[in-house]
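Chains F and G, in that order, are what the protein sequence lines are. Here the first sequence stands for residues 17 to 198, where the numbers follow the working numbering. Here the second sequence stands for residues 992 to 1193, where the numbers follow the working numbering.
Honestly, I wouldn't trust all of these hints.
[Said to hold, decoys possible] Cut-off 30 Å, straight-line C-alpha distance, at most; resulting in silico cross-link-like pairs (DSS-like, lysine-lysine):
(1) F:Lys161 x F:Lys87
(2) G:Lys1094 x F:Lys161
(3) G:Lys1132 x F:Lys161
(4) G:Lys1100 x G:Lys1080
(5) F:Lys161 x G:Lys1080
(6) F:Lys87 x G:Lys1132
(7) G:Lys1080 x G:Lys1094
(8) G:Lys1131 x F:Lys87
(9) G:Lys1100 x F:Lys161
[As the list claims (entries may be wrong)] Label pairs and their in silico Cβ distance ranges:
(10) G:Ala1133 x F:Val53: 39 to 49 Å
(11) F:Phe97 x G:Ile1078: 32 to 42 Å
(12) G:Val1073 x F:Tyr174: 21 to 31 Å
(13) G:Gly1123 x F:Ala83: 38 to 48 Å
(14) F:Ser81 x G:Ile1180: 14 to 24 Å
(15) F:Ala78 x G:Tyr1120: 16 to 26 Å
(16) F:Ala178 x G:Lys1132: 23 to 33 Å
Keep in mind the hints are simulated off the structure, nothing from the lab. For each residue, glycine too, the CB sits at the ideal point set by N, CA and C.
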Amino acid sequence: MPFYLLVILGILFGIGFGYFVQRAGLCFAHGLGEIYVGRGKRIIRLFLVIFIITSVGFMMSAYMSPACGLKPIGQIRGNGFYNLLSGILFGAGIALCGGCILGTLRQIGEGNLMFLVVLVSFIPGMALVVYILNPVLEHSYDVEKLLLPQMFGVSAPYITAALALGAIIWLSAIRRKKPANA
Amino acid sequence: MHEFTSNESRETNDSQGQNEATSNRASGFDQDIAPLPSALGGPSYRGSESRVVSTTHSKVGAKSRLRAPVYMASYFAILNVVMYVTINKFWIGGSSFLPMIGKLGDGYKFLFAFLVNIGVMIGAFIGAYTSGEFRLRAPKKADMGKAIVGGILIGMGVTVAPGTCTTAFVTGMPMLSVSSFLSAAGIFIGAYMVYSRTLGRR
Chain F
17 MPFYLLVILG
27 ILFGIGFGYF
37 VQRAGLCFAH
47 GLGEIYVGRG
57 KRIIRLFLVI
67 FIITSVGFMM
77 SAYMSPACGL
87 KPIGQIRGNG
97 FYNLLSGILF
107 GAGIALCGGC
117 ILGTLRQIGE
127 GNLMFLVVLV
137 SFIPGMALVV
147 YILNPVLEHS
157 YDVEKLLLPQ
167 MFGVSAPYIT
177 AALALGAIIW
187 LSAIRRKKPA
197 NA
Chain G
992 MHEFTSNESR
1002 ETNDSQGQNE
1012 ATSNRASGFD
1022 QDIAPLPSAL
1032 GGPSYRGSES
1042 RVVSTTHSKV
1052 GAKSRLRAPV
1062 YMASYFAILN
1072 VVMYVTINKF
1082 WIGGSSFLPM
1092 IGKLGDGYKF
1102 LFAFLVNIGV
1112 MIGAFIGAYT
1122 SGEFRLRAPK
1132 KADMGKAIVG
1142 GILIGMGVTV
1152 APGTCTTAFV
1162 TGMPMLSVSS
1172 FLSAAGIFIG
1182 AYMVYSRTLG
1192 RR
């Protein structure tokens, strides 16, 4: 597929993502805060719905197209230490500025110009790691790409089915619970 | 600056006597869910809670109001899968900003992801504009410090272990990628550390 066509399709998909994210009020920074104060039902429900559909969809994609199927996203660096570290830095950052990647893009689309400041502030952080820290650190750790099925030695459909089933049960349990004062 | 700007618009709508259901659906808050204060000087938790209680008692369209965010999240997930199956690309969050520091990736993969994110902003604008929630808000000086520090931390986080972070929740974990589960655990820890200091004080 020519790159220009890929770009056009990518932007169109992006517009779709942005529209649904805005209408769903999806932001994991906000959601984690809700969980922290014990009111995480909304974000957990949204996450479970996304997880169920996407995990089954990605699993099925292998049967639709040989080029698809499950792929390890990202890399395990330093036996997972750097993944944890990156998560901690990212988690602290999104909690501090009040928007994850989804939330930041959404807020900019909604006209909140403060998140443009957040977006521009990514630049020094990324530059610091990519141009200064990574060249030094890259020699000190192993990089690995791994999926859960490979780690446990179990076929992928079994793991997907188990996780999706667990998510469905959790979702049903959340939907059934009514607030005490309702 | 905070995540609850949709609520601000809802508050405005309420004061103008406009449709509560529309704005409430867009913000994604259910009746039993109160908006949360952000670390950037958002409204206090108790104040926000009382505001929600006072604005969500309309019985008109209550069911659809409750379900709409879930449906929208479903469409989002379906689109995520459709994109992967049709053009063999998936939505990524963090690494997509690498073109801002001159890294376009092999086969322009980061550039492609960056352009998808441009589309996300356009889509969010369309969603906000069509629902009457679009409102230009200038940055507040008081929030600038946290915004910059938060942005720098996000920038560091998405590059210390690329292809993780927010991507973990919408792409990596459903892909059963181990790095995404590790990253998600880190995100919980990092967010907890900040929220315990900021929300805990209120």
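Quick rundown of the hints versus the structure:
no., hint, in the structure
1, F:Lys161 x F:Lys87, "holds, 9 Å"
2, G:Lys1094 x F:Lys161, "holds, 21 Å"
3, G:Lys1132 x F:Lys161, "violated, 43 Å"
4, G:Lys1100 x G:Lys1080, "holds, 9 Å"
5, F:Lys161 x G:Lys1080, "holds, 18 Å"
6, F:Lys87 x G:Lys1132, "violated, 43 Å"
7, G:Lys1080 x G:Lys1094, "holds, 18 Å"
8, G:Lys1131 x F:Lys87, "violated, 42 Å"
9, G:Lys1100 x F:Lys161, "holds, 18 Å"
10, G:Ala1133 x F:Val53: 39 to 49 Å, "violated, 23 Å"
11, F:Phe97 x G:Ile1078: 32 to 42 Å, "holds, 34 Å"
12, G:Val1073 x F:Tyr174: 21 to 31 Å, "holds, 25 Å"
13, G:Gly1123 x F:Ala83: 38 to 48 Å, "holds, 42 Å"
14, F:Ser81 x G:Ile1180: 14 to 24 Å, "violated, 37 Å"
15, F:Ala78 x G:Tyr1120: 16 to 26 Å, "violated, 39 Å"
16, F:Ala178 x G:Lys1132: 23 to 33 Å, "violated, 51 Å"
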